[in-house]
Each structure stands twice: as structure tokens, then as C-alpha cells.
Amino acid sequence: MEILFLIISVFTVITALTALAVKDRVVSVLAGGATGLFASILFIIMAAPDVAMTEAAIGSGLTTFIFFFALRKIRRNDQDHSYKVSEVTNRSREND
Amino acid sequence: MIGTIAVSTGSLLVLVGLWSALTNRDIIRMIVGFTIFDVGIHLIMISVGYISGGTAPIISNLSDIGVSYVDPVPQALVLTAIVIGLGITAFMLTYAVNMYEKKGTLEIDKFEELKW
Amino acid sequence: MIKKAFTFLMLGGLGAMLLNFILSFRERTALPEVAAHYIEKGPAELGSANIVTSVVVTYRGLDTLGEVTILFAAAAVVGLLIHLNRNENAVRREGSEILKTASALLFPLILMFGAYVFLNGHLSPGGGFQGGAIIASAVVLTVLASPNRKIGHTVLSVIESISGLAYVALGAAGALLVANGFLDNRIIPLGEFGTLFSAGLIPIIYTLIGLKVGSELSSVVISLNGETIEEDDQ
Amino acid sequence: MEIAGSIFVLIGSLIFFLSSLGVIRMPDVYNRIQTGTKATTLGTIFVLVGLAFLSPDWTAKLAVLLVFILLTNPVSSHVVARAAHFNKEPMSPLTIEDKLEAKEEEA
Chain G
1 MEILFLIISV FTVITALTAL AVKDRVVSVL AGGATGLFAS ILFIIMAAPD VAMTEAAIGS
61 GLTTFIFFFA LRKIRRNDQD HSYKVSEVTN RSREND
Chain L
1001 MIGTIAVSTG SLLVLVGLWS ALTNRDIIRM IVGFTIFDVG IHLIMISVGY ISGGTAPIIS
1061 NLSDIGVSYV DPVPQALVLT AIVIGLGITA FMLTYAVNMY EKKGTLEIDK FEELKW
Chain E
2001 MIKKAFTFLM LGGLGAMLLN FILSFRERTA LPEVAAHYIE KGPAELGSAN IVTSVVVTYR
2061 GLDTLGEVTI LFAAAAVVGL LIHLNRNENA VRREGSEILK TASALLFPLI LMFGAYVFLN
2121 GHLSPGGGFQ GGAIIASAVV LTVLASPNRK IGHTVLSVIE SISGLAYVAL GAAGALLVAN
2181 GFLDNRIIPL GEFGTLFSAG LIPIIYTLIG LKVGSELSSV VISLNGETIE EDDQ
Chain V
3001 MEIAGSIFVL IGSLIFFLSS LGVIRMPDVY NRIQTGTKAT TLGTIFVLVG LAFLSPDWTA
3061 KLAVLLVFIL LTNPVSSHVV ARAAHFNKEP MSPLTIEDKL EAKEEEA
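Going down the list, the sequences are from chains G, L, E and V. With my numbering, letter number 94 in the first sequence gets 94, and the count goes up by one each step, no holes. With my numbering, letter number 34 in the second sequence gets 1034, and the count goes up by one each step, no holes. With my numbering, letter number 96 in the third sequence gets 2096, and the count goes up by one each step, no holes. With my numbering, letter number 98 in the fourth sequence gets 3098, and the count goes up by one each step, no holes.
If you're looking for bench data, these hints aren't it; they were derived computationally from the structure. The structure displayed is predicted, hence computed values, not measured ones. Some hints here could point you the wrong way.
[Unchecked claim] Once the Cα atoms are required to be at most 30 Å apart in a straight line, the calculated BS3-like pairs of lysine-lysine come out as:
#	chain 1	residue 1	chain 2	residue 2
1	E	Lys-2100	L	Lys-1103
2	L	Lys-1110	E	Lys-2004
3	V	Lys-3038	V	Lys-3103
4	V	Lys-3099	V	Lys-3088
5	E	Lys-2100	V	Lys-3088
6	V	Lys-3088	V	Lys-3061
7	G	Lys-23	E	Lys-2100
8	V	Lys-3103	V	Lys-3088
9	E	Lys-2100	V	Lys-3103
10	E	Lys-2100	V	Lys-3061
11	V	Lys-3038	V	Lys-3099
With these hints in hand, go ahead and build the complete structure from the sequences.
Okay, here's the thing in C-alpha cells:
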């Protein structure tokens, strides 16, 4: 059981680091949701099924949905959502 | 052993989330950092209530004696904390959307009104 | 540059504190006094098999009331801020026939599953918060399947206010009738341990919490899904 | 009983492994969705049947789970593929026919 716990902990940290390092916003949001999902497995092993259910349904499911709803509002004129500083600068200049 | 691993994982998640929230230039990814921070805090709280070899605090039989259960109080706290976390995330995202509508960008350096 | 150094310094300090915490962390071998009381006396006192439920609903019920209030405030602020500029006439691409049929079929099933989860909150893992999240996910499914349907907030707000009012009223009844305190669940008989209709008020209150949380999360989702005015690049 | 259940679970996990192999192996999004979903549906069914053998008193709940998976899994993969199509994800050059595109042009 400890080995399984250790492996899933490593996965949790790896997905969190992915959310930090990756360039694409969408992938970052998805990696954040995956962190919650792996953490809910950890909660089950630590004998907390209530918390695991809540984390899987709310922390991982609904939060990701809300992020995507917000991203859909944002992406309307930000078609190239891969994040580049120079582009953002140019666009704001055009708006001025 | 499980408790120690869980506390270490939670601390790493806290650090990663805070790092992401502090150093990113993109508001959406700062908010993702905050959710990761949340998950780390929840892991630490649950592992403080963990008792090695304990079972979940659900009593199927009143006459069961000698079964060791884990602490239910941190679990109840985390249960409410997760739901509040969703509310706070929705709130932050609403602000992000409104800021985007005002400025047309999500880059934090472009919001210069509050700079000193 | 200074900002970066400050960030490093802060994270380093926090990391050192957490490292210290990890190194001094010892797993508990015995329960603290309060938790031991909850586990030993809880089933006999309140009749709920799931101790987490009895802590959430009764022992720390006032905390839960405050928590639901915070969620209500968050939902209200999201609705207020996001509705400032809403375009009612925007048309979105409809979902396909398969998705619409499946969502019409699945919507009542998911609602039923949510009701199952919060009705059995005192017997098995689950409860109002989880059931509310499941109900909100059913609403997400309909919103995604037919995005052009206008979903009014009226029904949701009516359900939300009625369940909130009933929650506070039942809590006050516990204080007034039994005089054991706010949110006492023993104003109706406890019933047989381990059956669906047991544990006094706990299933009723958790159902109310489930309806309240479900309608609040659904209204957050619907608000965030609402269309905004398309800004043309001038 | 136990051996039969274990064999079913083993077949299920083998199908999972093959599906993940297919996700790496396939050339474009649509083929990946196809391998992924087909094999996860079948793999989950096998694992659930094996669990029903291993602990017979869960059978009713596992049957409900099976119905839910059979209802939702194909629909979700269909929606993902459709979204990828409308997002103009590139197809593999080996693709012969695109019926959705033809239907859109007709309409």
C-alpha cells in the first residue's frame, strides 16, 4: 500500500509541475484538474472517502468546467491562446 | 509512513502552487496555482488526522470494538473547505473575465493602475 | 529583479518551515479527545453511521451554515459581476442529435443519483455537498448540450431560498423544542440504527444542504456560461 | 470464482494497456479517440464483470455502473470528436472520407 501511495504522490507532484511549466493555458488547467484527481486517490488510501468524493466531483470536475467556461469568454478574440508576450503587446498597441 | 509521504506531497504542492501564483504573468495560470495550493493544504490537513492502520469513520455495526478509526474532524473541515474553494475560484475567474473585458489582455504586467 | 528575489526569499522561508514540519511530523497513534468522543458516543447519541456526516451536520452544524452562506455570497457576486454585459441574442452552435438525446436521457438519472447520494449521507460516504455537485454536473450537461436555451435563475433561486429558510427553521426548532442547542437533530425520533429513515433530522437537513449547494453551484455555472458581447477589433 | 474474476480483471487491464498503446501509435486525433474510447469501454466492462465475480454482493451496483458507462462513454467520445472537427484539427493524410464535412457543406 505504501508503494502505491508513493507512486501516486509522485504523479500528483508531476501533474502540479506540469501545470506550472507548460506554456498552453488549456493544458495548464487540465493538469490542475488531474492534480485534484490524483489527490482524491490519496484521500481514499488515507481512509477519507467523503473527502475523496468531494475532491473528485468538485475540486477536479466542476472547477475544470468553470475554468473552461471562463476561458471560452476570454478566447473569443484571443484566438491564438498559446501565450506569447510579443503578440499581446502588439494587440494592445493596435487597440490603442 | 503514509502520513509522512502525504505531508511531503502536500508541502510540495503548496510550494508549487504558490510558485505558480507568484511568478506567472498570466492570470488564469495564477488561479490554477491557487487551486493546486488548495489541494496541498487539504492533503496536509487530512494527513494530520490520519492514524496508521485506521479505517474510515463509518460505523457499520454498533458492537464493533477494537477497530481504530481515523479522525473525522479534519475530514469534515476539508469537506467544507473544498466547496468554499470552488466558490473562491469562481469569484477569481469572474474578476479575470471582467479584467479581460476592460483591458483585452490577461497579462498581469499590463494592469498598471496599481503599480508603485 | 527585487520582486524576483523577494519571491525566492518568501518561498525559501515557507519551504524551510514546511521542511521543519515534515521532519518533526509523527503519525498519530491515538485519537484526540474530541474525536474519540465523536466516534464512541456519536452513533448512540445521533444515530448516524457516518461520523463525518454527524460532525458536519450536527456537532459543527453552525460552521456548515456559515459555509453555505459563503457559497451563496460567492454565487451572488459571480452572478452580479458577470451579468454586467450580457448579450441575449448570441447564437451558439447546437449540440448534435446524439448529445441532445443522451443528455435528455441522462439528466433525470443524474439527478436521481445526486438524490441517492445526499439521502444516504448518514449511512455511506456522501452527503449534501457531493450530491449538490452531482446535480450541478447534470445542469452542466444540459447547458453544454443545448447552449441556446435560456435557463432562468428563478427556479434555482426559489429552491435555494426555500431550502436555506427550511434549514435555519429546522435548526431553530432544535434549539426551541429540545433546548439542546441550535441544529439538534433529535426533535424527531432517531429510529433504528443503520436504516434509511434514521438519525433524526440528519437526512432532512443534508437533503436541504444538497438542494441549496446544488442550486448555488448550478447558478455559478449558468452565470459563467452566459454569453458576453463580442468585442470587435476596431 | 476467484480465479474467473481475476482472469476477467486481467483481460480488462490488458485491453487498457492496448488502448494506451493505440493512443501513442495512431496518427491523428480522431483515430486516437477511436482506440481510446473503444478499448476503455470494453476494458471497464471486463473489470466490472471481474469485480462482480470477486465480490458477488456488489453485483447490482456494478450493473448500474455498467449501464452508465455504456450510456456515457460513446457519447462523450462522439462529442470530443465533433469538437475536434469543428476546431479544424488536422486529419491524417490517409483519411479517405469525411462525412460530417460533406453534410455541413450540404446544409
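Hints and how they fare:
{"no.": "1", "hint": "E:Lys-2100 - L:Lys-1103", "in the structure": "37 Å, violated"}
{"no.": "2", "hint": "L:Lys-1110 - E:Lys-2004", "in the structure": "18 Å, holds"}
{"no.": "3", "hint": "V:Lys-3038 - V:Lys-3103", "in the structure": "25 Å, holds"}
{"no.": "4", "hint": "V:Lys-3099 - V:Lys-3088", "in the structure": "14 Å, holds"}
{"no.": "5", "hint": "E:Lys-2100 - V:Lys-3088", "in the structure": "22 Å, holds"}
{"no.": "6", "hint": "V:Lys-3088 - V:Lys-3061", "in the structure": "40 Å, violated"}
{"no.": "7", "hint": "G:Lys-23 - E:Lys-2100", "in the structure": "34 Å, violated"}
{"no.": "8", "hint": "V:Lys-3103 - V:Lys-3088", "in the structure": "15 Å, holds"}
{"no.": "9", "hint": "E:Lys-2100 - V:Lys-3103", "in the structure": "19 Å, holds"}
{"no.": "10", "hint": "E:Lys-2100 - V:Lys-3061", "in the structure": "26 Å, holds"}
{"no.": "11", "hint": "V:Lys-3038 - V:Lys-3099", "in the structure": "20 Å, holds"}
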